[in-house]
Amino acid sequence: MAIKQNIISALNNAKTEEFILNFKNEESYYYKKPDLEEESYLMGSRAGVSPFYTNNATNMIIRISRPLGNIAHAPLDWEITNKTKKIGDYTCRQAKTTEKLYGRQHGDYHYRHTIVWFTPEIPLNFGPKYYKGLPGLILQIEEKEFTLTAIKINLNPSEEVKITRVESDDNVITQEKSYNRINELEADRKKRMSNNR
Amino acid sequence: MNIKTYLFFSLLVLFQINVFSQSTLTGTIKDSLNNPLANANIIAEPQDSLQRIKFAITSKDGAYRLKLENIRYTITASYMGFKPFVFEVNPSETTVRDIVLQPQAEGLKEVVIEMPIVVKEDTIIYNVDKLVTGEERKLKDVLKKLPGVEVDRDGNITVRGKKVMVMLVENKKFFGGGTKLAVDNIPADAVAQIEVLDNYNEVAFLKNISDSDDMAMNVKLKEDKKNFVFGDIEVGRGNQDFYRAHGNLFYYSPKTNLNAIGNLNNTREQVFTYSQYFDFKGGLNSVFDQGNSDFNASNDDFSQFLESEDVIKSDRKFAALNFSQEVNNSLNLSAYGIFSDTKEKTFVQSINRYNTFTETRELFSETENKLAIGHIKAVYLPNLTDQWYFKTQFKKTDNGYDNTINSVVDTLRNTFLNREDAVGSFFNQTVEWHRKISRHHTFSFGANYTFEERSPRTIWETSDQILRGLIPIVDQSVYRLNQSKRVKNNDFDAIFKYYWVIDKNNHIYSTIGNTYLNHHFFTQDVQQLADEGINDFSGSGFGNDLDFSLNDLFFGLHYKFQLGIFSFDQGVFLHYYHWNVDQDMAISKDKTVLLPSFSAEAKLGQSKEIEFDYDLKTSFSDASQFANRLYLRSYNSVSQGNENLENGLSHNLRLRFTKFSTYRGIRYYVVANYTEQIRGVVNSVNYAGINQSVMPFLVDDPLKQWSGYGNISKKILDIDFSAGLRYNTSKYKQLVNDDLTENKNSSISYNVSGKTLFDNFPIIEVGFRQSFGNYTLSGSKSEFVASEPFLNVDYDFWNGFIVSFDYTAYRYVNKAFNEKNNYEISNASLYYNGENSGWSFELKAQNLFDVQFKNQNSFSSFIISDTRTFILPRIIMFSVGYKL
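Those protein sequence lines, which keep their order, are chains B and X. To convert, note that position 72 of the first sequence is 71 in numbering that gives the first Met the number 0; the numbers rise steadily by one, no gaps. To convert, note that position 551 of the second sequence is 550 in numbering that gives the first Met the number 0; the numbers rise steadily by one, no gaps.
The set of hints was computed from the structure by calculation and includes no laboratory data. No experiment lies behind these values; they were computed from the predicted model shown. Treat the hints with caution; some may be incorrect.
Straight-line distance between alpha carbons at most 20 Å, and here's what the computed EDC-like set of lysine to aspartate or glutamate pairs gives [what the hints assert, rightly or not]:
| id | chain 1 | residue 1 | chain 2 | residue 2 |
| --- | --- | --- | --- | --- |
| 1 | X | K714 | X | D121 |
| 2 | X | K29 | B | E120 |
| 3 | X | K82 | B | E120 |
| 4 | X | K342 | X | D314 |
| 5 | X | K53 | B | D76 |
| 6 | X | K162 | X | D128 |
| 7 | X | K853 | X | E268 |
| 8 | X | K607 | B | E141 |
| 9 | X | K53 | B | E120 |
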């Protein structure tokens with residue numbers, strides 16, 4: 000009971016999600032830490048629940064989306080600012096980017112400014128989700144709806160790190176294609192709904 | 000990039016072209032064996048900080064290309080496992096640069112870096128290793144190192160201005176959840192992590208739907224302390240027969256937890272106090288508290304037994320045991336027992352200025368408190384959606400109090416002896432059932448029964464004819480008055496709450512409950528005559544035998560909703576009271592009271608939060624206040640209740656703002672409170688010389704009170720600066736000699752301090768506290784200033800030595816009476832615990848300056864007192880400890 004109780008109270012008493020970013024050599028894999036899916040937690044996270052796979056050698060940034068398949072993301076353009084701050088013991092630099100996003104409801108594009116903090120003290124190009132390509136590990140992402148912050152970093156772990164690889168010949172679609180697919184799904188749904196009426 | 004930003008950047012580039020011309024720096028990054036390093040980082044930082052930082056990442060063959068302006072740059076090339084390489088370059092002079100990185104001397108081992116502080120929605124996690132400095136011995140020393148956490152001398156913990164109500168160790172309540180036993184006993188080196196949980200509820204699925212506002216702290220132990228018995232024992236011997244022995248044992252395994260604490264001392268160390276005894280009430284989950292009526296217990300019967308901080312003799316024995324066991328998958332049992340025996344002597348000299356005369360008074364008192372607490376709790380969790388709680392609590396006290404008062408008014412000398420013995424018992428049984436029916440529907444049911452009995456017996460003895468005119472006293476050479484009192488309470492509550500979650504943003508909570516109280520109050524006052532006869536005062540209006548019963552049927556409806564960053568909670572409670580006061584004649588009354596409440600909360604980003612609460616509260620006095628016949632209160636005071644009292648009503652407003660930024664190291668909070676009693680009970684005091692008679696009355700607008708406090712702290716260059724401000728003002732009515740007067744007092748205090756946090760350097764905390772007070776009592780004014788500079792030093796050196804020193808100076812100036820007081824208190828200790836050794840040695844000096852007494856000034860309704868409280872002399876003690 001102790002463990003069961005603890006997990007339940009952890010879920011209810013801390014409404015945050017934890018994610019894990021694994022990296023090895025030129026690859027990284029980012030995913031939501033599995034935990035008890037309680038009824039009210041099926042809504043998903045504002046920070047998204049899709050895993051991401053990246054590969055520096057093949058320049059791949061892939062969102063592994065359950066309904067849409069593997070979606071390739073374009074690398075982001077970063078601007079490093081002069082701002083620094085400490086996260087844990089690491090001195091982090093601020094970097095900014097502007098993302099182009101597709102609005103499913105209106106079928107148009109909009110832009111979002113995102114701020115991340117990376118540390119040159121860990122000279123790796125990785126980061127959570129598709130945020131990567133900076134000269135240092137990204138430790139924090141600030142977006143309007145959520146903030147992702149590193150809480151634990153394990154370099155050179157004794158256990159084998161889990162990376163779910165996506166091969167370049169695995170059916171990967173572009174973002175534009177995924178938008179079309181969204182539209183198709185949406186149209187389908189509308190059709191079904193009107194048929195049911 | 001959208002068009003606007005695109006334009007902006009092109010303009011910027013155009014502008015820059017005018018000023019600088021661009022160059023390209025290219026090259027390769029390789030290791031010392033000439034292997035190209037792919038994905039290596041290269042950052043170009045302009046020496047003119049207004050220019051943009053450039054960076055590049057090497058390709059598969061280790062090549063990089065940096066587009067730079069023609070200005071000087073500092074360039075850093077880095078790769079995991081290699082030493083960073085730094086050089087300066089002016090791209091107009093150099094265009095190609097190949098870099099060779101040297102491997103880092105030590106190979107990369109497994110490195111786990113945990114962030115020292117993690118702030119999640121309602122949770123702050125402190126990874127203790129990163130924040131402590133090594134000289135901590137108990138949990139309280141650890142907590143003092145955590146940003147945003149404060150621990151006071153009584154073992155209370157506040158986090159960001161909010162008090163911690165529940166203490167957990169490994170998610171289990173520690174001795175019923177009180178904080179003092181935990182902060183004084185848990186060894187610092189066993190603590191791995193501290194979690195602070197806001198809006199905590201023991202029943203986890205109620206957390207987001209109840210209005211629980213409790214803060215809890217959970218101590219997580221280091222892995223190597225689990226499944227092992229750990230703890231420590233310390234024995235010390237000092238000058239003048241002073242001694243101290245303290246031991247504690249802990250055992251934590253996934254299924255069984257055991258804690259034992261024992262202490263013997265005569266050095267005034269307060270392990271457990273009589274006032275903590277009252278906090279161990281048992282009772283229902285806090286979700287049932289909202290909207291309840293307050294039934295104020297009068298503390299007349301035990302206030303004299305409360306231990307004072309300053310004593311001339313002390314002898315304490317304490318033992319406690321806490322146990323919890325997971326019986327099977329769905330049943331958890333826990334229990335604790337606490338035993339304490341405290342003997343104390345105090346000596347106080349005071350000069351009391353009444354309106355027309357001055358009294359010099361010496362008070363010598365001796366107290367013995369024996370108490371025992373037993374608690375058993377069973378938690379039954381048949382499945383994920385049902386939780387059952389059964390709690391049983393027993394308490395037993397046996398108190399003795401003896402005092403001698405020498406009072407000199409002008410040349411008249413009086414001596415009063417007072418002896419009181421009180422035996423009390425307490426029993427509480429609760430049953431709770433919480434059930435989550437579905438995602439939308441949850442309910443809680445709680446039933447609570449409390450039985451309480453106290454029977455104090457008091458004797459006053461003097462050769463002076465006391466209370467002349469107030470009691471029909473028979474002339475004797477020695478006057479001896481006996482009082483026996485008996486209080487017997489039976490309380491029963493049953494509450495049902497239903498939580499309806501309409502959707503994510505709309506909740507409706509409803510409550511139905513009933514409270515029934517049956518209180519019996521009995522007093523008998525007699526004069527014991529020399530010839531063994533008795534002069535019973537019951538013929539002159541003395542002697543109570545009162546039955547008081549009250550039924551409170553209540554309903555509540557609350558609506559909570561979320562709008563963006565705001566959440567609102569508003570509702571009403573409707574109480575229907577029916578009460579009977581039965582003495583001489585039976586009085587029966589009914590009353591209906593509507594109590595609205597409102598609260599709003601806004602999360603202004605990650606670390607900023609603002610909260611506002613309003614509620615109307617109602618309170619009832621206890622049976623003694625309704626008992627309309629006389630009884631003695633002290634050698635100079637008689638008291639009488641008032642059968643016509645009704646419930647009091649008060650508005651309460653509270654505003655709280657907090658900001659907590661771990662990264663920038665700045666933290667602050669501001670709290671403001673306002674209380675206005677619309678109707679309340681005020682004691683009417685009639686003075687006749689030093690004698691007084693007291694009777695409660697219901698008065699309109701008896702009290703208005705504002706208070707505000709705030710604290711700001713910031714870490715600058717390894718020095719933690721902190722400043723606080725506290726403001727208090729109240730206007731209250733008093734009935735003195737049948738005149739309704741308005742009094743006012745206000746005080747403002749501030750503190751500033753700085754604390755060094757360097758490695759390998761003493762921790763030095765220097766600070767200053769000052770408070771200004773302002774009293775207006777029945778038209779006469781008084782002002783005082785109290786200043787308190789303080790210094791604390793902790794230093795660990797030579798692998799295992801810890802030296803600590805603390806010093807506080809008190810200085811008090813009363814302008815109106817031209818009074819000045821000061822005294823200085825200081826303690827010092829030298830502690831040694833060799834590395835990998837369980838043995839420790841300590842030499843400690845308490846009251847280093849051998850101060851005899853503390854000076855204090857106080858103001859009460861009609862008296863201004865200047866008091867000297869005598870304290871224990873200097874104690875120098877040598878202790879030996881062994882850590883398991």
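Each hint tested on the structure:
no. : hint            : in the structure
1   : X:K714 x X:D121 : 23 Å, violated
2   : X:K29 x B:E120  : 19 Å, holds
3   : X:K82 x B:E120  : 11 Å, holds
4   : X:K342 x X:D314 : 5 Å, holds
5   : X:K53 x B:D76   : 12 Å, holds
6   : X:K162 x X:D128 : 24 Å, violated
7   : X:K853 x X:E268 : 18 Å, holds
8   : X:K607 x B:E141 : 15 Å, holds
9   : X:K53 x B:E120  : 17 Å, holds
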